[in-house]
Amino acid sequence: MMAVGNKRGSKRASTSTSSYTSTVTTVIFIALCVLGVWMLTTNSIGPPQTTTTTTTTTTTDDDNLSIDKKDQSTTVFEDNPGYLPNDAIQSDDPKQNDNAAAAGGGGGDDKKEQENVVSSGGDGGDSGGGGGDSKNEEAKVEEVAGLQGNKESVEEQKEGQAQISEESTLTQNQQQEADQNQQTITTQYSQDQEQQQQQQQIEDVETNKESQTEKPNGEMIKQQLQEDAGKQTAEISQENQISDEDKQERIQQHEDEQQQQQLQQQQNPQNPDETYTNTKETPSQQAMQTETETTETPTTQEPDTPKARPKKSKRERTKEHKSATSVPDEPAVATTETKPGIPKESTESKKSWSTQAKQSANEKERREDESKGKESIYGYTWHLCNESSGPDFIPCLDNEKAIRKLHSTRHYEHRERHCPEEAPTCLVPLPEGYKRPIKWPHSRDKIWYRNVPHSTLANVKGHQNWVKVTGEFLTFPGGGTQFIHGALHYIDVIQEAVPDIAWGKNTRVVLDVGCGVASFGGFLFDRDVLTMSFAPKDEHEAQVQFALERGIPAISAVMGTQRLPFPSKVFDLLHCARCRVPWHIEGGMLLLELNRVLRPGGYFVWSATPVYQKLEEDVEIWNAMSSLTVSMCWELVTIRMDKINSAGFAIYRKPNTNECYDKRKDNSPPMCKTDDDPNAAWYVPLQACLHRLAVSDEERGTRWPEEWPRRLQTPPYWLNKSQMGIYGKPAPEDFAQDYKHWKRVVGDTYMSGLGISWSDVRSVMDMRAVYGGFAAALKDLQVWVVNVVNVDSPDTLPLIYERGLFGIYHDWCESYSTYPRTYDLLHADHLFSKLKKKCKLAPVMAEVDRIVRPGGKLIVRDESSAIGEVENLLKSLRWEVHLTFSKDQEGILSAQKGDWRPDTYQAAS
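Count along the sequence shown from 1, add 193, and you get the number used in the numbering used here.
FYI, nobody ran anything at the bench for these hints, they're computed from the structure. Positions of the beta carbon are idealized from the N, C-alpha and C atoms, including for glycine. Mixed in with the good hints, there may be bad ones.
Simulated DEER-style distance windows between Cβ atoms [to be verified]:
1. Asp988 with Ala595: 23 to 29 Å
2. Pro692 with Glu813: 28 to 34 Å
3. Glu891 with Leu1076: 24 to 30 Å
4. Asp1096 with Val984: 35 to 41 Å
Throw the hints in and build the complete structure from the sequences for me.
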């Protein structure tokens, strides 16, 4: 009936028709008023309606959408989890509404609280808005985007008021048509959506209550962010991932909306920077203020359908237009502002909510990495090293890329250290069938074959009693090339030849060059002597690894082009038994390096065929060696034959004064320059020269140390009282105090308070030794301790050797020159807090994991912050942390390595 009237209304002007039309208008007006009352009193807030066919939609001002929950005492919606717009609870009195709007505008405290909730979604809330009134409008735009579900009902409610306001400018027939369309849409919306709205509202209330009672503040913020995101996204596409195609569609939407906005501006000009405070506005203001609050919400209609595209207010579009040039590929809601008030999305938010996280390719990659293995905990993912050396990987000695670039290998450059530019963060795999090592002293005689599954050396040297394969064991008869029938007899013969050597008293610290499987050093333990054994990682397969598995100290090193990593004048005795080092060539450069590290008055035992055989080559070598040692002022003390082993050796002694140097006719080898520091040993090239000896009684090297074990606790004679010690006291007092300190710590804490079974501990390293007090406190245990002095720390290593202990220079930002699974216990006193200023801790902890045996221990004493970082890395490595304790910003940690290895290999370099 109304449709017929519409078609003919323009042609009739009779009184009856006008009366009829006026009656219909009155009825519709009453119906809309009833509908408005129903909309105000209903508890349902409908989800976004995406099927509307009208192009003119209206909402209230942004300011009125943010409602202070605390101040709204007149109307309470207990089952509503979201924020209600002012229009849903405003009074029918326009004046009251104006007053309420004025009180709510300008960013009150509660409004700021809402803004903070919205803005806390990016970077932990650091860039959140709401800091002042000048930023409230930007935060309100975000609130409008976050409350899309609430605004649809407000739009339907205000559309009736807009239609009434336009009666003065529309013809009666046009008004009837608009009213009919409005009533039809409203009725359909109410009937079809009411039940779904109420159910969704109940679920939102339950979710909101759970987030408030069960989660901490950070999680509540995440929950609120998720609720806001859910209101921005249509229910039918809530589980869908946002693809690149969606982004392109939104970009197209945004461009279309810009065109529509220009048309609207021509028809209804409005100041985009205007601040709105009134609840009721003219229809033109309402139409320009907001046409739909966000473009991020997916629609159910095709994206190229103009009626399906949501629209934005002029003010909101103006802000988006300013930021669109810098972020053109993001949805309009994301580009509303990059200034304070619209913070960036936090990493935690990406982890928690899949629909938000899937928006970027980087997040997809992160989730793929996370799902590849279970090792991604505590912020770090570990992989196995993908190296040709497999379970025997030594990063600084197996750097094949660097070795291939060497111009020459004539001086064994390929056996020297070549560390990668970036320290590896991979983990070395275990040999198949690996077992926990056999305990000392039984390990000196046999080890598990599966732990070091190499048989080549047994085949080549088995007849010399180096090593043999015996079932599931590798056995070590205690022999060597020069002492086939046992090292212990050979050791006794040496002392018989030179009684002044006095093993375990005068001679305490020994360097064994080209040690083989280190049986010489292994049996010197019976004479209370510490031996640092070394040999290169060469064709004598795993010889140093055999030594370490046996519980004998050793490192992988070579006499090549660089100084050994030891101070000058520290070893009491040097030993070479068929070590295959050409001492006599190139001006005796390699023998001069031994002279550098040998203590004045110390001995060099050379056991080799040139000493006792008369073959032409042997004679030539002997003559060259004799000439060299004389020019170096070495005294040939004796030549002795070991009849049982059918081998002979020569014993030389280094001078302890400069008298011989001054009497030489030929200055060959020359004396080193006075500014050449003999203690400099970290990557320092060799020089064929002699260093002058100390003259003053107060200098190191003019006296032999006290007998062992008295030298352990006696401050060296050259430790000057006028010199300040490491801890601020006079050096001798500092030394004594350090020894007392570590005796107390080891006795009171380490022996019983850390859960360590010390009977299972053999090989120990102090990763940051000062005076060697920790090692000294372990003197009575069947252990040996390598004291590492960091290259950037005070050089106290000579003092450690003076005490009858031994050690090495090292930089823990690089890999240590030892095989994997070497040590039973590592001790680190205030190492990591200093180290993390130079390099990352993850590679350092990977190195710790490499050199510690399964079942091995780590003790850390450090600042609390460093303890926390180390603990997290250890847990990511599946170490078992037995103890952590902190007090006054200092802490202690004790942990044990397990058998865990990752399942995946790192990408090949």
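Q. If you check the beta carbons of Pro692 and Glu813, does the distance land in 28 to 34 Å?
A. holds (33 Å)
Q: Starting from the range 23 to 29 Å, see whether the pair Asp988 and Ala595 falls in it by beta-carbon distance.
A: holds (28 Å)
Q) Honestly, do Glu891 and Leu1076 meet the 24 to 30 Å range at C-beta? A) violated (44 Å)
Q.
A range of 35 to 41 Å was offered for this pair. Does it hold for the Cβ distance of Asp1096 and Val984?
A. holds (37 Å)
In this structure, the one hint that does not hold is number 3.
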